[in-house]
Amino acid sequence: MPIPFKAVLVPLLLLSAVPAGCRTLTPEELRAADEAQCSDYGFRRGTDAYAACLQRIDLSRQADRRQMLREMDEPIVIYRPVYIR
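Mapped onto mature numbering (1 follows the signal peptide of the UniProt record, and there is no 0), the consecutive letters of the sequence shown carry residue numbers -22 to -1, 1 to 63.
It cannot be assumed that every hint is accurate.
Just the calculated beta-carbon pair ranges, DEER-fashion [stated by the list, open to error]:
hint : residue 1 : residue 2 : range
1    : Q33       : V60       : 37 to 45 angstroms
2    : I56       : D36       : 34 to 42 angstroms
3    : D51       : R9        : 26 to 34 angstroms
4    : R23       : M46       : 44 to 52 angstroms
Honestly, the hints are just simulated from the structure, not real lab data.
Values in this document were obtained by computation on a predicted structure and should not be read as measured data.
Using N, Cα and C, we set each Cβ at its ideal position, and we do this for glycine too.
Build the full structure now, drawing on both the sequences and the hints.
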């Protein structure tokens, strides 16, 4: 009995979508996104305000990274019941 086309296609599509969700941005892509964000805020390239905007975005990203690492560093505590006879 042949396997239905949809039974093969759906799992293949799902498997191909998984690696796409794990992709990280290159430093160049990240810089371009930051520059676009500062331009959207109305800052002009080459000004001190534009540089300060880029710096604030970078500092915010670093703070987010530190917070994530801090949360991952917390010990795992498992409470088990104590039975007294």
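>> Flag every earlier hint the structure violates by its number, smallest first.
In response: 1, 4
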